[in-house]
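Please take these sequences and the hints and turn them into a complete structure.
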Amino acid sequence: METRNIFLNISPLDHRYSLSEAKMYERLSERISEQAAVLSCARAEVALVKAHLATRGTLTPELEKELDRVADTIDPSLVYAEEEKTKHNIRALVNVMKTMVSGEVAPLVHLGATSVDILDTALSVRVRDAVREVLLPELRELETKLCEIAAREAQTPEVGRTHGQHAVPITFGFAVSEYVSRLGKSILEIEARSGQLCGKLAGAVGAYNATSMIVRDPEDLERRYLSYLGLEPSEHSTQLVEPEYLLRLLLELNVAFGVIANLADDLRNLQRSEVGEVFEYFSSTQVGSSTMPQKRNPWNSEHVKSLWKAFAPRVMTFFMDQISEHQRDLTNSASQRFVADYLAGFGLAVARMKSVVSGLQADREGMAKNLANAGGKVRGGVLAEPAYILLAESGISDAHEVIRTITLDAEKNGISFFEALKRQGDAYGRITAQLEQLGVEDPANFFANPERYRGLAAEKAAGLAEKYKALMKGPSLTQGTD
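Using the numbering used here, the first residue of the sequence shown is number 1, and each one after it goes up by one.
Honestly, the hints are just simulated from the structure, not real lab data.
Be careful, since some hints might not be right.
[Said to hold, decoys possible] With a straight-line cut-off of 25 angstroms between C-alpha atoms, the simulated DMTMM-like cross-links for lysine to aspartate or glutamate are:
no., residue 1, residue 2
1, K65, E232
2, K309, E325
3, K305, D329
4, K145, D363
5, K473, D129
6, K87, D75
7, K369, D442
8, K460, D363
9, K50, D220
10, K473, E133
11, K354, E133
12, K65, E30
13, K98, E34
14, K23, D341
15, K412, D426
16, K469, D363
17, K98, E66
[Stated by the list, open to error] Simulated restraints on C-beta separations:
no., residue 1, residue 2, range
18, G359, E459, 19 to 29 angstroms
19, H88, I10, 21 to 31 angstroms
20, R364, Y80, 56 to 66 angstroms
21, E34, K473, 28 to 38 angstroms
22, T60, E141, 36 to 46 angstroms
23, K377, S335, 46 to 56 angstroms
Keep in mind the model is a prediction, meaning the values are calculated, not measured.
From the three backbone atoms N, C-alpha and C, an ideal C-beta is built for every residue, glycine too.
Here you go:
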């Protein structure tokens with residue numbers, strides 16, 4: 001086969017990303033490249049031959065081994081050359097395969113099948129294998145690393161943020177555990193849906209017309225055929241497998257893609273100069289800017305979000321491939337080929353995100369400094385919420401307004417919220433008394449330490465980390481989800 005200079009390829013997947021994420025690219029290429037597509041169709045054709053022979057009671061171990069050799073060694077360039085003559089990809093494959101098997105077996109190649117019995121079935125095999133053998137292990141590793149960060153930083157104080165503003169305190173582990181939970185559930189869904197992909201041997205309109213001329217029980221022949229490929233039959237077929245099996249899997253992959261992009265965006269923002277709460281690994285030879293030597297850009301996180309922007313919109317094409325006129329048209333023939341691109345783009349983003357979190361470090365001093373100064377113009381203003389709640393609990397109906405006035409006093413006089421609160425003796429006394437009733441240690445100085453007001457952040461972070469780390473272990477991700 002001709003070897004092409006990768007820098008003459010059109011898609012950046014096949015030059016820039018094939019080099020920068022070589023391991024992921026190679027593993028995916030083995031399963032979803034054009035060569036993999038031809039080989040998977042050949043294996044589907046061989047599965048059909050085996051089903052015919054098994055039905056007749058003439059399938060021997062030796063013959064089965066020889067058929068597998070044919071499927072594994074077929075040359076895609078020969079199939080493409082034949083397609084130039086036939087103008088039909090599956091008939092080209094069949095013609096080539098017939099020259100590779102014995103005269104007794106040749107009539108059984110493609111017997112009773114229509115092209116999509118092979119194409120849709122082979123696509124299900126390729127997608128299933130790419131997801132289960134490449135993407136899920138990578139996702140599992142990413143999730144496990146996030147669990148480790150959430151557990152390690154469960155107690156690390158950090159200011160929470162809503163609407164781009166300082167909110168109440170949390171911990172960095174709690175912030176990461178959001179993604180542990182969201183991505184973890186998506187991984188479980190992906191695993192389940194990848195096991196639901198189906199194939200078919202139901203003929204040109206799905207009614208088993210052709211195979212009913214060969215065997216008495218066409219559905220039994222279909223089950224035999226698909227069993228060699230590890231698939232179940234589509235419950236109802238036209239010329240196509242019901243598209244929703246694949247659609248639901250692709251949609252859940254897109255959900256996971258969005259979670260990863262959201263994580264990347266949060267990490268990117270936490271590396272802003274004015275925030276400075278986390279930092280990615282930056283090698284001694286790495287360059288952040290072509291003109292500003294001091295820069296350490298969070299380009300890996302930005303790269304992940306950029307891949308999401310390029311590939312997430314393809315979900316619209318996945319939806320459009322639901323539509324086929326009557327028992328089949330060809331309007332999905334081109335668009336469906338780009339499912340491979342989507343899987344590759346997603347896989348490359350997962351691999352890059354895994355490298356980001358592998359070297360991710362929390363700047364605990366930076367987090368502590370930001371939390372101490374949090375609250376906008378009022379240092380310690382993030383503790384206005386517990387002050388209001390405790391004051392209301394003491395029986396003050398306009399507690400919110402009382403505390404708001406205290407924050408204005410702190411802002412006007414350039415003092416901390418704690419200092420302003422202590423100036424309001426009655427409110428401060430009531431609040432301190434409520435803290436004493438709750439059993440809070442050193443209640444008089446509670447508002448001097450914003451990190452003490454963190455709710456269940458540390459406990460949630462540790463619990464979710466433990467739960468999903470356990471779920472990521474073992475051969476099946478769906479075990480132990482109850």
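Each hint, compared with the structure:
no.	hint	verdict
1	K65 x E232	holds (23 angstroms)
2	K309 x E325	violated (31 angstroms)
3	K305 x D329	violated (35 angstroms)
4	K145 x D363	holds (18 angstroms)
5	K473 x D129	holds (19 angstroms)
6	K87 x D75	holds (18 angstroms)
7	K369 x D442	holds (22 angstroms)
8	K460 x D363	holds (21 angstroms)
9	K50 x D220	holds (13 angstroms)
10	K473 x E133	holds (15 angstroms)
11	K354 x E133	holds (17 angstroms)
12	K65 x E30	holds (21 angstroms)
13	K98 x E34	holds (21 angstroms)
14	K23 x D341	holds (16 angstroms)
15	K412 x D426	holds (21 angstroms)
16	K469 x D363	holds (24 angstroms)
17	K98 x E66	holds (13 angstroms)
18	G359 x E459: 19 to 29 angstroms	holds (27 angstroms)
19	H88 x I10: 21 to 31 angstroms	holds (25 angstroms)
20	R364 x Y80: 56 to 66 angstroms	holds (58 angstroms)
21	E34 x K473: 28 to 38 angstroms	holds (35 angstroms)
22	T60 x E141: 36 to 46 angstroms	holds (42 angstroms)
23	K377 x S335: 46 to 56 angstroms	holds (54 angstroms)
Hint compliance for this structure: hints 2 and 3 are broken, all remaining hints hold.
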